[in-house]
Amino acid sequence: MIRRVVAFGLLVLGLNLIAATGEAAISTFTYQVPEPELRTSGEHVYFAIDGFGSSTNPYYPVLPTRKVHFEIPYAATNVMVSVIPGGQQSLGRFDNYLMRTPPLLLGDPSYKPEQAPEKLPEITPLQPYRYNGERIFRGHHLIEIILYPLQYRTGDGEVLYTSSYTIEVTYLMATDAQASEEMARRARSRVFEPLAAEIVENYESDGDQLLAPEPPGALYDLDNPQYAIITSSTFQAVAETLAAWKTRKGVPTKVYLVSWIESNYPGYDTQEKIRNFLRLDDSTPRFDYVLLLGDTDVIPDRKCWSQDGDQVPCDYYYSDVVDGAYGSGYDWDTDNDHVWGEFDDTITWLPDIYVGRIASSSLSEVETIINNIISYEKNPPVGSWPKKVVFGSAFANYPTTDYDPTDMAAVAEHVRLDFLDGAGVSYDRLYEAAGIYPTSYTYDFPLPASNYE
Numbered sequence: 039m040i041r042r043v044v045a046f047g048l049l050v051l052g053l054n055l056i057a058a059t060g061e062a063a064i065s066t067f068t069y070q071v072p073e074p075e076l077r078t079s080g081e082h083v084y085f086a087i088d089g090f091g092s093s094t095n096p097y098y099p100v101l102p103t104r105k106v107h108f109e110i111p112y113a114a115t116n117v118m119v120s121v122i123p124g125g126q127q128s129l130g131r132f133d134n135y136l137m138r139t140p141p142l143l144l145g146d147p148s149y150k151p152e153q154a155p156e157k158l159p160e161i162t163p164l165q166p167y168r169y170n171g172e173r174i175f176r177g178h179h180l181i182e183i184i185l186y187p188l189q190y191r192t193g194d195g196e197v198l199y200t201s202s203y204t205i206e207v208t209y210l211m212a213t214d215a216q217a218s219e220e221m222a223r224r225a226r227s228r229v230f231e232p233l234a235a236e237i238v239e240n241y242e243s244d245g246d247q248l249l250a251p252e253p254p255g256a257l258y259d260l261d262n263p264q265y266a267i268i269t270s271s272t273f274q275a276v277a278e279t280l281a282a283w284k285t286r287k288g289v290p291t292k293v294y295l296v297s298w299i300e301s302n303y304p305g306y307d308t309q310e311k312i313r314n315f316l317r318l319d320d321s322t323p324r325f326d327y328v329l330l331l332g333d334t335d336v337i338p339d340r341k342c343w344s345q346d347g348d349q350v351p352c353d354y355y356y357s358d359v360v361d362g363a364y365g366s367g368y369d370w371d372t373d374n375d376h377v378w379g380e381f382d383d384t385i386t387w388l389p390d391i392y393v394g395r396i397a398s399s400s401l402s403e404v405e406t407i408i409n410n411i412i413s414y415e416k417n418p419p420v421g422s423w424p425k426k427v428v429f430g431s432a433f434a435n436y437p438t439t440d441y442d443p444t445d446m447a448a449v450a451e452h453v454r455l456d457f458l459d460g461a462g463v464s465y466d467r468l469y470e471a472a473g474i475y476p477t478s479y480t481y482d483f484p485l486p487a488s489n490y491e
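What the sequence shown shows, in the numbering used here, is residues 39 to 491, in sequence order.
Please note: incorrect hints may appear among the correct ones.
What the hints assert, rightly or not - Calculated lysine-lysine pairs in the DSS-like style (CA-CA distance at most 25 Å, straight line):
hint : residue 1 : residue 2
1    : Lys287    : Lys426
2    : Lys292    : Lys150
3    : Lys341    : Lys150
4    : Lys311    : Lys287
5    : Lys341    : Lys311
6    : Lys426    : Lys416
Stated by the list, open to error - Restraint-style ranges between C-beta atoms, simulated for each label pair:
hint : residue 1 : residue 2 : range
7    : Gly91     : Thr213    : 35 to 43 Å
8    : Gly89     : Ser128    : 20 to 28 Å
9    : Val420    : Gly89     : 29 to 37 Å
10   : Pro338    : Phe381    : 48 to 56 Å
11   : Tyr303    : Tyr354    : 34 to 42 Å
12   : Ser128    : Thr204    : 38 to 46 Å
13   : His82     : Phe457    : 15 to 23 Å
14   : Leu458    : Ser128    : 28 to 36 Å
15   : Phe381    : Lys287    : 24 to 32 Å
16   : Val428    : Asp373    : 41 to 49 Å
17   : Glu278    : Ser93     : 25 to 33 Å
18   : Asp459    : Ala275    : 31 to 39 Å
19   : Thr272    : Ser201    : 18 to 26 Å
20   : Tyr465    : Gly91     : 54 to 62 Å
Hints in this document: simulated from the structure, not taken from any laboratory.
Glycine residues also receive a C-beta, built at the ideal position from the N, C-alpha and C atoms.
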């Protein structure tokens, strides 16, 4: 027998399914895409959709995109996903549609951006969605889909709009479903549950019932700390000061030395040993927060692959530590060639641990920073300043360089429109008002330094 559950809406109405062990089930979701808004960028136009980001491929049209997640039972196996776009219509033809300019490497005159393709595909993107696979996130079993509700026809500049999606998921319940639920319970976190509520379209508001109850005295349970400070013996004393303060605030915190981790956990190198330390098993992070106390000579970062040949320093390696369940197999080095973060590596961009770093090798600097942190948290300043932003944007290049003149106000406008408008934030825009290349964007004040005073 196949059980079916159907949920509708932009924020899907929950997944209330209890299937017997080994039984097939089908869950169906619908996603309604908000109406696109036509905007201008200088002499060009582009579409934006509320709640969506935009594509970043250089030389390709700037189109709305959004990554969405739907939750299925933690014990679901043999998962098959079908995505059916619906309601496609034309938004018109535009011969001045905005194309994404390639990023520049500031401070490196020898850098050459990648060449533009000889021709764009007939339609971009080829499909209005991409299924990314399953994800395990702090006790939630998710499917991940990237939506591309707008497509651009190269020949005539026509923009097509997909207004809805139907997602059908079929799966079997694992034979060890009860053990899977216990695994989910151990991986849940009160710290990460608000993020789950934000990113999971069919999040159940009573999902925190799966959270393990806090035992008496849990706030000071240093046998099961929420917060880890990883450092060297040089910074151990000041790290203990910060740990004591965090514990006093109600976040049990413990200090671990890199040398101790290296001696007690397996791994190819120090970075992998630290990452293995940060998880209890393949599906359960050990901590909610991790502070890397020291620069990369104290706690090494992970150098990741980049297509331009440079290695990219990446502390996110210590945040994405869960390998998943039921064969999801997240891995930073899938082919075991000791080159991390290649295209074929299965990295998930859902954090398992909140990771930060105090990047200093000086004891006096670290002491000053930690004293400032504690002082700030004891007496946080008040005022409206956290809700105020100043944008200062000039042109990046002039004819004397090898690059085309680039108005960096375009970046500020994307930040303003995508993140600040409607968020209760006030801002002042200082753009190039005169000179060889005045901006075509609306500004509040001209750019001269005197206006910053």
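Structure-based check of each hint:
no.: 1; hint: Lys287 x Lys426; in the structure: violated (29 Å)
no.: 2; hint: Lys292 x Lys150; in the structure: violated (47 Å)
no.: 3; hint: Lys341 x Lys150; in the structure: holds (22 Å)
no.: 4; hint: Lys311 x Lys287; in the structure: violated (30 Å)
no.: 5; hint: Lys341 x Lys311; in the structure: holds (15 Å)
no.: 6; hint: Lys426 x Lys416; in the structure: holds (23 Å)
no.: 7; hint: Gly91 x Thr213: 35 to 43 Å; in the structure: holds (40 Å)
no.: 8; hint: Gly89 x Ser128: 20 to 28 Å; in the structure: holds (23 Å)
no.: 9; hint: Val420 x Gly89: 29 to 37 Å; in the structure: holds (31 Å)
no.: 10; hint: Pro338 x Phe381: 48 to 56 Å; in the structure: violated (23 Å)
no.: 11; hint: Tyr303 x Tyr354: 34 to 42 Å; in the structure: violated (20 Å)
no.: 12; hint: Ser128 x Thr204: 38 to 46 Å; in the structure: violated (21 Å)
no.: 13; hint: His82 x Phe457: 15 to 23 Å; in the structure: holds (21 Å)
no.: 14; hint: Leu458 x Ser128: 28 to 36 Å; in the structure: holds (31 Å)
no.: 15; hint: Phe381 x Lys287: 24 to 32 Å; in the structure: violated (42 Å)
no.: 16; hint: Val428 x Asp373: 41 to 49 Å; in the structure: holds (46 Å)
no.: 17; hint: Glu278 x Ser93: 25 to 33 Å; in the structure: violated (47 Å)
no.: 18; hint: Asp459 x Ala275: 31 to 39 Å; in the structure: violated (47 Å)
no.: 19; hint: Thr272 x Ser201: 18 to 26 Å; in the structure: violated (59 Å)
no.: 20; hint: Tyr465 x Gly91: 54 to 62 Å; in the structure: violated (19 Å)
Comparing the model with each earlier hint shows violations of hints 1, 2, 4, 10, 11, 12, 15, 17, 18, 19, 20; every other hint is respected.
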